[in-house]
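There are 2 protein chains.
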Amino acid sequence: MSDRFSFSIAATDGAARTGTIAMQRGEIRTPAFMPVGTAATVKAMKPADVRATGADIILGNTYHLMLRPGAERVAKLGGLHDFMGWDRPILTDSGGFQVMSLSELAKMSEEGVSFKSHLDGSKHMLTPERSMEIQRLLGSDIVMAFDECTPFPATRDQAAASMDRSMRWAKRSREGFDAGGEHASRAALFGIQQGSMDETLRQRSSDALREIGFDGYAVGGLAVGEGQEEMFRVLDFAVPMLPDEAPHYLMGVGKPDDLVGAVARGIDMFDCVLPTRSGRTGQAFTADGPINIKNARFGEDTGPLDPECGCPVCGQWSRAYLHHLIRSGEILGAMLMTEHNLFFYQSLMAGMRDAIATGTFAAFAADFSTRYRKPRTEG
Amino acid sequence: MSDRFSFSIAATDGAARTGTIAMQRGEIRTPAFMPVGTAATVKAMKPADVRATGADIILGNTYHLMLRPGAERVAKLGGLHDFMGWDRPILTDSGGFQVMSLSELAKMSEEGVSFKSHLDGSKHMLTPERSMEIQRLLGSDIVMAFDECTPFPATRDQAAASMDRSMRWAKRSREGFDAGGEHASRAALFGIQQGSMDETLRQRSSDALREIGFDGYAVGGLAVGEGQEEMFRVLDFAVPMLPDEAPHYLMGVGKPDDLVGAVARGIDMFDCVLPTRSGRTGQAFTADGPINIKNARFGEDTGPLDPECGCPVCGQWSRAYLHHLIRSGEILGAMLMTEHNLFFYQSLMAGMRDAIATGTFAAFAADFSTRYRKPRTEG
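Sequence order for the protein chains is A and B. Quick note on full-length UniProt numbering: the first sequence kicks off at 1 and runs consecutively. Quick note on full-length UniProt numbering: the second sequence kicks off at 1 and runs consecutively.
Keep in mind that the hints were calculated from the coordinates and are not lab data. By construction, the Cβ of each residue, glycine as well, lies at the ideal position given by its N, Cα and C atoms. Don't take each hint at face value.
Derived Cβ-Cβ restraints for the label pairs, each shown as a range [unchecked claim]:
1) Ser122(A) to His118(B): 36 to 42 Å
2) Glu229(A) to Gln24(B): 58 to 64 Å
3) Thr370(A) to Ala22(B): 53 to 59 Å
4) Asp257(A) to Gln24(B): 44 to 50 Å
5) Glu72(B) to Asn292(A): 23 to 29 Å
6) Thr20(B) to Glu300(A): 34 to 40 Å
7) Gln24(B) to Ala11(A): 54 to 60 Å
8) Ser6(B) to Arg277(A): 47 to 53 Å
9) Ser122(A) to Asp236(B): 52 to 58 Å
10) Ala15(A) to Ser122(B): 19 to 25 Å
11) Gly181(A) to Gly315(B): 29 to 35 Å
12) Asp367(A) to Ser122(B): 43 to 49 Å
Just chain A, same shape as in the assembly (with noise of 0.2 Å):
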């Protein structure tokens, strides 16, 4: 049992931490961010390629994979590892908000959300308990509690009602999890708290996830639209509420720039489809800020993506290159510039890690900032 899940914090600076999360799948360096792999892939890229580029974790989303291939037929393959080729810690989200922003129907009770797939229209039903038994058939290594991601805006006392009905679903969660037998036995539960940007109701919502006990703890609710100013502001006072032996993950965030402030003020984990996804579609990350690689200007530049990032596409080919794969709608582009993106995030978490464990955060934050914000004459 020792084994299952440990968090080891090896050095602070200021409220940023960097250490390590053990589990029996793997090390997870923190800060750490976590590639999505929607529908059991990281889209674009093979496994070892995501792992090359620094990935101790990725993420999986109960939603999609309950949907199709199906939470027991991916059981019955021998678990989400098996079937997608990744034998490292994997997260699984609770499905909780991606049933409400993607499926059809969707109706909330007390008791959980039914709803009809935006696949096939099938009726389905989503609750603590359901999404706890299908993060254990796909042999999830961090399942996350059933909650619900308070709508933005909120009144105060839809937010209220909100939180506090996830509260009781992540008790749920808790007793559901703690079911599990040998899968509890091997992987970890967070619980999330809410509160949407009202301080007071993220207080009483962490004294509701430490009484029921996880054994990390999410920031949910954020990323909804609010801006990263207002973003930061409840995290300068939602993250120390929160038990500062576990790890702090918030939960769809973000740009770099974001990770950077967030990291400021206590986050250790991160997950975001923004690098994945905008690589599909040409943006690619660059420590002077994101270009686009379809920008005309492009079309005869020989250097590559970022001058000074270290990842095998920047290695081998050249912007005018990628500009013409994505132009022309090319598989290779997707790939490619998915690479390169990853890296960039990934060697952009093991820059603050180093930068911690040095007492230098604050001034790589800074320079971090100064470069990736300044001003450009080119789009």
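Using the hints provided, position chain B relative to the given structure of chain A.
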């Protein structure tokens, strides 16, 4: 000059031959299959992975590349090899076939073909001289003469007129290529036999090509809807008309059993989009024949695509996973299916080369054919 182009036949077995084409950018083991890299990419594959399947040479399409990114741009960027990151030989077609099948408002005259781009409606002209210039700008290693792929079916008069014009264009191609300076001193030029399904026309075409003189000779105008039996009937008389000592290239072919039958008739080189294109839509080639991975029966099949295949895909992933990826429209599905299919094709070529070298080609072909076509209860 001695290392510009040479073809040595190491062994023959009946009409089948195995040997090596040596060029400055590398050796090509024959019989050879060339994956198609239409728009400066073998779709869904990194160049290193294409090489790892066993490919010694790939094909690029003049028609696509002249329109996007443009031959002059590719030249400015250092040529097709540097642009796409493939340092081994590249054969480029002349654009003659695709301008007739893909462009809009194509008008043929003795001078060449005027047309509008299918991408943006821009006006262009392809002539033997311009085709040679484009292939030189791309930096092609094996340049194809500009010809007309005679439509099928054709009357004898149509076939004769078309072939005769192609032979006049072949002479202009030879002159255009030879005027190419440094490029002509390191690249090779292949002529293309036409004549539809008619033996006397094929002979007249071969005589004309021999008179001009080329490094290699292609059989054009087949795989245009005539069927395998008719194609083999034409190959039976068409291939012996070509110079024995030069490579024989069957353009645009084909299915695995087409390749075996054509090698038996003296063909040394092939290209076809089948393994790449059909991979993207879910067809996998196996020793027991093709399967459609989307078929419901593969949904829980934990076996590899082909139990006897040694490719990285069959070593790691199940039919069930590939079924899921292709059904979900995931890019990784296209990547893995393409990789397997190219590996299958290259393994077939390697098997044929070995069989010819050991004088067992007839048995190899019979075994392959029996098994590949064996009756199956499933589709």
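Evaluated hints:
no., hint, result
1, Ser122(A) to His118(B): 36 to 42 Å, "holds (40 Å)"
2, Glu229(A) to Gln24(B): 58 to 64 Å, "holds (60 Å)"
3, Thr370(A) to Ala22(B): 53 to 59 Å, "holds (55 Å)"
4, Asp257(A) to Gln24(B): 44 to 50 Å, "holds (49 Å)"
5, Glu72(B) to Asn292(A): 23 to 29 Å, "holds (24 Å)"
6, Thr20(B) to Glu300(A): 34 to 40 Å, "holds (37 Å)"
7, Gln24(B) to Ala11(A): 54 to 60 Å, "holds (55 Å)"
8, Ser6(B) to Arg277(A): 47 to 53 Å, "holds (50 Å)"
9, Ser122(A) to Asp236(B): 52 to 58 Å, "holds (56 Å)"
10, Ala15(A) to Ser122(B): 19 to 25 Å, "violated (58 Å)"
11, Gly181(A) to Gly315(B): 29 to 35 Å, "holds (32 Å)"
12, Asp367(A) to Ser122(B): 43 to 49 Å, "holds (46 Å)"
Violated hints amount to a single one, hint 10; each of the other numbered hints is respected by the structure.
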